[in-house]
Amino acid sequence: MSKKIFVLLFILVSASVSVYAFTKTASSEPVLVQSGEEKHWCPVCGMNLKMFYKTNHTSKTEDAKHRQYCSIRCLVVDMKKQNIPTESVEVVDAKTEKLIPAHKAFYVVGSKVKGTMSKVSKLAFASKEDALEFIKKHQGKLVDFTTVLKLAQDSLVFDTSMIAKKKKKKIYPMGKKIFYKMCDTHINLAEYKEINELKSALKNDNLCRPLKEKQLQATALYLWEVKRLGDLGDITGKISVQKDEKCPVCGMFTYKYPKWVAQIFYEDAGEQKHYSFDGVKDLMKFYFNPKEWSNDKVTTKKDISKILVTDYYSQVAIDATKAYYVVGSDIYGPMGDELIPFIDEEDAKTFYMDHKGTKVIKFKDITPEEIYKLDE
Amino acid sequence: MMIELKNLTKIYELNTNDKVIALKDISLSINEGEIVVLKGSSGSGKSTILSLIAALSKPTSGEVIVDAKQISKLPDSFASVYRRDNIGFVFQKYNLLTNLSVEDNILLPLIPLNPSQLEVDAKIDEVMKKFEIIHKKDTLVRNLSGGEQQRVAIARANVNDPKIIIADEPTANLDEKLSLNFIEILRELKSLNKTIIIATHDPLFFGLDFIDREIQIDNGKIA
Amino acid sequence: MSSKINIYLIKYAINSILRQKYKTFFIVTIFTFLVFLLTSIFFITNSIRYELDSTVDALPQIIVQKIKAGRHYDIDVDKVDEILELSGVSDAVARVWGYYYFENAGVNFSVVGIDKYENQYKNSLQSIVNKFDFEESSDEPFMVVGQGVKEVMNSSYFKEYFNFIKPDGTLKKVNIRGVFDSDTQLESNDMIVMSNETIREIFDIDETKATDIVVKVANPQEVSMVASKIKLMLPDSRIITTQDLKISYQNIFDYKSGVFLALFIVSLFTFFIIIYDKSSGLSSEEKREIGILKAIGWRVDDVLKEKFYESFIISFFSYMLGSTLTFAYVYIFQAPVLREIFVGYSQLKTTFELPFIFDLQTLFLVFFISVPVYVAATIIPSWKVATLEADEVIR
Ligand SMILES: Nc1ncnc2c1ncn2[C@@H]1O[C@H](COP(=O)(O)OP(=O)(O)O)[C@@H](O)[C@H]1O
Ligand SMILES: [Mg+2]
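Residue numbers (the numbering used here), protein chains in the order written: chain A, 1 to 376; chain B, 1 to 223; chain C, 1 to 395.
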């Protein structure tokens, strides 16, 4: 009796394990259609094709070059850049792991399997039965290629911003560290047309010491998306203030409020100088009427060379003129109601929702009336 | 220095219905440089008179005037200064700090003056020599004989070079030889032109040539 | 009157202290002991509180654990990506760590895995990564261990390497690359740091799983908002914020410091009994001395000044002696016995050292509740006697 229960239990457990056992990695050698050593990676995002083989798509460009993507997301990105005939697109059958024409495939979207570079996974099957069987196990909806393509195009912005956050917070810093520790820093990034070429070079031309795939990917992403563009996306760090710097508007010591610090820069006899403020509100009061608060070096807005504010979420210095500001939230600065700055519009909107803001405005839309209303 | 007692009365109140009248309306004046012996039996009031002159206690009524100053009405700390500057008191029981050395005992009256080291050494040496105790200067007082202790008390009384020397029963604890010795010291002090008042009932003091006056006290009155 | 210090008066005071050998010895002993006890109590509590704060402050702001059937379970590494998407999160790290029971010595090591290229969630780990090049130059796995671990391993003749027993019973040889000693005792004594790969092998943890996830929030004001969002996103998780931890540590601490408070009150009580006893009267010997001094011309102030010097010297000396002993006791000998009151705390952290804090505030506090009180308790009865008629006192 107890033996039977045991067996039953065992079956149950192993069945439940198999639910989670679905992996997108190729079970045997994958079909790679691109040429050269770079064929192992997606030309758009650089990810390892074998690891995400079951979501792989391929295409043939107008000039008859074969391309292979980690997922439909990268295919969509590539389609925006160059002409790719939709009929040329092929997809890996998640069951048989063979390439099949995409327009003939049965797609399952929104199953419990995690998507590749997207919130929603999109897996293809040559046979409808296989697709339905998969849906039984992992849920999801049966659709055709046209629908899937539309879906991928529509969610591209969202998916990209989601990945961007992860990259910025985690992958770029990691890649940078690895690059400076493990690689030849004299690398000429202009030599590579696409990220998979770069990756291949890093791996095969001894540009880096041996790296694991994850580390290689981080390094390649850092080089391709940050360093190649001049390290622009790099975090600039916090605004620094000296202990004796007082806010010219309210007279408080600004170093006590590092979360709120903001600065206005100006030139004085070729030297860069600045005023520090304990919040955007006081900074704006100054900005609208410098004469009232400053020495005679700053009399109009024209004398101001640069304005920095502190991003609420990341706490780093950002360009005030490019920031988004949330008004009317339940978060107070040292001087009460504040304009809360964000470099990222998404962040500003999230904050606006979380903290009951009344509106999100851009720098140029801030008016003196708005500022003085905050003090009421 | 002129000492004048005017209608002095001293009553000790033991409790509300038991009091001792130690002195009754005593008037007396002692001239500068005079050496006076107060005699009388035990309990007659001699010590009380000395105590009033030294401002160690206050009269119930009457006045003590020294050098034209009302001593009997001085506030406590002025009384201390008065004693320090004018009175050398040789107590009946000597009132030495027996755990201190001879030298340290003699130093005591000088301490509140915050004197310099030189001054102190000179003064102490001088009195220790004069009263022949210098050979014991580092000995603890409790290890001295009665006569030696008295000499320390006398030296201490003289270290500030006071105008008035008071001695209460100075020979009560001494044998005859030492008593005679003390009388010699008195003679010497007299020659230094100090005003000296001695309370005693010791007959050795009676009829001495250098004593100016002997005053008999009986039951708190001058007889 | 000259305002310069009266050397003779001070000499007299010292002389008088030395003369009363028995009494002086008694007072110095009691006084020193009480000062010692009081300052020790304060020093230990302060040091532990400091330790506590720095430990908690060094902890990650948010820890995310997966809970299954009420127990802590391994969490999916993927969740890191989801957490990173939240606004306000500046970093999230999947941690792999655990306790390894070393049967031979009967001790637990805490084993912590790190990825050298990740941002470390703790400064102490970062400095370990910086100091010991976490390069896997050869295939030989290695680790960096705390001083305590090193000693335990040494005594079991593991000098160069250590053999971990894996869950399947096989051995895993890990070389000892170095010993770290961090400035603050951040649970480092029993800690072993190794690469994530090695620790996964030793504890048999899948690459898709981690022990927990720590989350860094750049703006501390957002911690609770982020925590509640993670909770919404991962309903099967337990979210621990630094704030929660601080409160639970604090609870243990407050309970234990209750014992200290009791000790504190007892010692104060003893002190005031002595004071009471003293101020209730002087011995006839002391009275006579004051009487004599007055009779030969000392003023009340002279007497009180002398008494002040006397009591100040003796109490200040005892105070200095007591606090010096405390410094030695607490910081050199690490407060044996008294420290045991904090067994609760030491259970939380097997070994810890009391960090040196020059606690001026405590020193002042103890000074002001002891020295002036003692001085006053000496002067007041002397003043009472000194203002009596000298005649009455010496007769
Ligand atoms: N402090 C005192 N309290 C009560 N009675 C005292 C006190 N001092 C002295 N007397 C009393 O005053 C009287 C005179 O004493 P005292 O002056 O000592 O006499 P003498 O010195 O002549 O022996 C005695 O009856 C004595 O008992
Ligand atoms: Mg008498």
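Hints in this document: simulated from the structure, not taken from any laboratory.
Check the hints yourself; a few may be wrong.
[Said to hold, decoys possible] The calculated PhoX-like cross-link candidates involving lysine-lysine, where the alpha carbons are at most 20 angstroms apart (straight line), are:
| # | chain 1 | residue 1 | chain 2 | residue 2 |
| --- | --- | --- | --- | --- |
| 1 | A | LYS168 | C | LYS231 |
| 2 | A | LYS306 | A | LYS39 |
| 3 | C | LYS384 | B | LYS58 |
| 4 | C | LYS209 | A | LYS170 |
| 5 | A | LYS203 | A | LYS302 |
| 6 | A | LYS193 | A | LYS65 |
| 7 | A | LYS166 | C | LYS384 |
For each hint, the structure was consulted:
With a C-alpha separation of about 23 angstroms, the suggested pairing of LYS168 of chain A with LYS231 of chain C is violated against the 20 angstroms cut-off. Between the alpha carbons of LYS306 of chain A and LYS39 of chain A the distance comes to roughly 46 angstroms, so the proposed pair goes past 20 angstroms and is violated. In summary, the hint linking LYS384 of chain C to LYS58 of chain B is supported, as the alpha carbons are separated by about 18 angstroms, within the 20 angstroms threshold. Distance hint between LYS209 of chain C and LYS170 of chain A is fulfilled; the C-alpha atoms sit about 18 angstroms from each other, no more than 20 angstroms.
About 51 angstroms separates the Cα atoms of LYS203 of chain A and LYS302 of chain A, which puts this hinted pair outside 20 angstroms; it is violated. As the CA atoms of LYS193 of chain A and LYS65 of chain A are separated by approximately 14 angstroms, the hinted pair is consistent with the 20 angstroms bound. With a CA separation close to 81 angstroms, the supplied pair LYS166 of chain A and LYS384 of chain C exceeds the 20 angstroms bound.
In this structure, the hints that do not hold are numbers 1, 2, 5, 7, in rising order.
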